[in-house]
Structure formats: C-alpha cells, structure tokens
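Trainee: Using our numbering, you'd call the opening residue of the sequence shown number -8 and step up by one each time.
Hint data in this document are derived by calculation from the structure and do not stem from the laboratory.
On a predicted model such as this, the values are computed, not experimentally measured, just so you know.
Idealized CB from N, CA, C, for every residue including glycine.
Any given hint might turn out to be false.
[Stated by the list, open to error] Computed cross-link-like contacts, SDA-like style, restricted to lysine to any residue with a CA-CA straight-line distance of at most 20 Å: (1) K223 - T90; (2) K39 - S23; (3) K187 - R199; (4) K214 - H198; (5) K97 - K223; (6) K235 - R180; (7) K68 - S23; (8) K211 - R199.
[What the hints assert, rightly or not] Cβ pair distances, simulated, as ranges: (9) H198 - S158: 33 to 43 Å; (10) E98 - G131: 15 to 25 Å; (11) A101 - E230: 49 to 59 Å; (12) Y127 - R243: 35 to 45 Å; (13) A49 - T5: 25 to 35 Å; (14) Y133 - N63: 43 to 53 Å; (15) T125 - Y45: 20 to 30 Å; (16) R80 - R15: 23 to 33 Å; (17) P181 - Y127: 41 to 51 Å; (18) S158 - K187: 24 to 34 Å; (19) S183 - V144: 32 to 42 Å; (20) E103 - N63: 14 to 24 Å; (21) S183 - K68: 29 to 39 Å.
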Amino acid sequence: MHFYVLTLFPEMITQGLATSIIGRAMAKEIISLEAVNIRDYTANKHKKVDDYTYGGGAGMLMQAQPVYDAWNAVAAKIEEKGRRGRDTRVIYVTPQGRTFRQSMAKEFAAEEDLIFLCGHYEGVDERVLEEIVTDYVSIGDYVLTGGELPAMVMIDAIARMVPGVLSNSDSAETESFSNYLLEYPQYSRPESWMGKKVPEVLLSGDHRKVDEWRLEQSLKKTKELRPDLYEKWERENQEYFIRKAKREARKRKKAACREK
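Model the full structure from these sequences, guided by the hints.
Mentor: This is how it looks when you write it as structure tokens:
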C-alpha cells in the first residue's frame, strides 16, 4: 500500500512514522510513504502558499494553485506506475469531516494508494477541495494547528490493517473496536506481581474457557467504559445472550440436582 501526504512540513510526517511497526513495514516494502512538500509547487518566487481570505476575517488561507499542482504531480506519479492516479482517494484532514473509526481504517486499507491533504492556517481554498478531495475526515471534535498529526494517526491505524504489517495475523482482528468491543485484559510473566495474580483460567490450558473468559471481560469493559459500543454489539449478537441464558439455566438445574 502506498501513502502520499501533501504537507507544508514533510519532515514531521517522515520522522513521525519512521519507527516501530510502521517503520519496519516500510523497510520491508509492505507499505510506502511519501511526504510531498506543497511549497515545491507554488508559482510564487518566495515559496508563499497562503494569502488573505476574500471577505475579510482573521488568519491566512492556503491557496488553491500549489495544493492542486502538488496533487496533480502525485496523481501523475501513480499513473506512471500503471495505477489510476486521478481516481485515488484524497483524504482532507479537517474537524468538519466524518469522525475516523476502526471500520473506516479497514475500508481505507483496501485501497492501493491513498493521498492525505494536510491543511494549515485557516484552512484551504474551497475551490481546490471541491476539485480533488473525496473524503473529509476528522479524528475528533477539537482543532489542531495543522493536519499532520491527524494524518499520522490515520496512517498508523490504516497501515495496521494491511496484510503483513503486523507480525501476528490475528492481532488486527482481536484488538479494540474490531467488533465494537474493547479488548480484554491481558497478562504476562510473572504469575504474581505486587500480590496480584494472573486469572486462573488463563493458566488452565483450556482454550474454550479462555475464549469465553476473554469475551466476558470484553463485554464487561465495553459496557462500563463505552456503553454506546456495547449497545451496538448487543443489538447484533442477540443469539449470544440466548445461548448464555441457556447455559446458566443448565448450570442452575445441575446445581439443584446435586443439592437433592
């Protein structure tokens, strides 16, 4: 998968994503990342890319021409490699967009190429947004000084969904939000630390019981911390509660028989 980021601060992008899992995936050429400096495409001899807004108001606005030309250069580069450059999805990082979700990361990960546009100042001239942007995406209801940090957040989340990026193929499917549920608690050695012991079920070797325990813990944590997600999972998994009720009824029946 190939990521392209249109930005005024390319070093921020490349340095921020050069390490850890994403850095290793780039070294293995599973993914690639190119930060494109919008200033390189301005027609202004002083490398100026912003100007005052028509109608007045505070702050400066990124101009349409350098943004468009930077996008056009990337699109042409993608087409030179035999792919559909001008049909590539362009994600404009803005607090006005749809809120980024895990499901969106999975959707974007299916693309071969993605272009991110990082705004600055008071934003970007609306005309170029209308011309090139396909997706308006936000990482939350707050305002940052630029789009670079949100772009890096999204690239990290999307890249993790690309086959081969994570060493364990099951990791992406068991993490929080993959099925509305938050991830269950996890433990490592030693078995006892500061008087706290690893739950016995995890030491039992019984994989069925371990899976049941993990699901119960995910449900408990999600219900407590994210009731909105829990309600979504509950609506789509009514059969789980039916099976659970039957299991509990059988247990009560067996317990009553033993008491007799």
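Trainee: Hints first: check each against the structure and report whether it holds.
Mentor: Quick rundown of the hints versus the structure:
Proposed proximity of K223 and T90 is supported: the alpha carbons are some 17 Å apart, at most 20 Å. Only pairs whose Cα atoms come within 20 Å are accepted, and K39 paired with S23 is rejected, the gap being roughly 29 Å. For the hint pairing K187 with R199, the CA-to-CA distance comes to about 24 Å; that exceeds 20 Å, so the pair is violated. Taking the CA atoms of K214 and H198, the gap is about 24 Å. The hint is violated against a cut of 20 Å.
Distance check on the hinted pair: K97 and K223 sit about 18 Å apart at the alpha-carbon level, within 20 Å; holds. Proximity of K235 to R180 is assessed by CA-CA distance (about 32 Å); at most 20 Å being required, the pair is judged violated. Between K68 and S23 the CA atoms are separated by roughly 14 Å; this keeps the pair inside 20 Å, and the hint holds. Taking the CA atoms of K211 and R199, the gap is about 18 Å. The hint holds against a cut of 20 Å.
Taken as a hint, the range 33 to 43 Å is violated for the pair H198 and S158, whose Cβ atoms sit roughly 21 Å apart. Here the CB-CB span from E98 to G131 is close to 19 Å, well matched to the stated 15 to 25 Å. Between A101 and E230 the C-beta distance comes to about 29 Å, which lies outside the given range of 49 to 59 Å. One distance hint, 35 to 45 Å for the beta-carbon pair Y127 and R243, is violated here, with the actual separation near 53 Å.
At roughly 31 Å, the beta carbons of A49 and T5 sit within the given window of 25 to 35 Å. Range check, Y133 to N63: about 32 Å between beta-carbon atoms, so the 43 to 53 Å window is missed. Checked against the given bound of 20 to 30 Å, the beta carbons of T125 and Y45, roughly 26 Å apart, stay inside it. Between R80 and R15 the C-beta distance comes to about 25 Å, which sits within the given range of 23 to 33 Å.
At about 49 Å, the beta-carbon gap between P181 and Y127 stays in the expected band of 41 to 51 Å. Between S158 and K187 the Cβ separation comes to about 28 Å, which falls inside the hinted range of 24 to 34 Å. One distance hint, 32 to 42 Å for the beta-carbon pair S183 and V144, holds here, with the actual separation near 37 Å. Hint check: E103 to N63, Cβ distance near 19 Å, so the stated range 14 to 24 Å holds.
The hinted window of 29 to 39 Å between S183 and K68 is violated, with their beta carbons roughly 57 Å apart.
Checked against the numbered hints above, the structure breaks hints 2, 3, 4, 6, 9, 11, 12, 14 and 21 and satisfies the rest.
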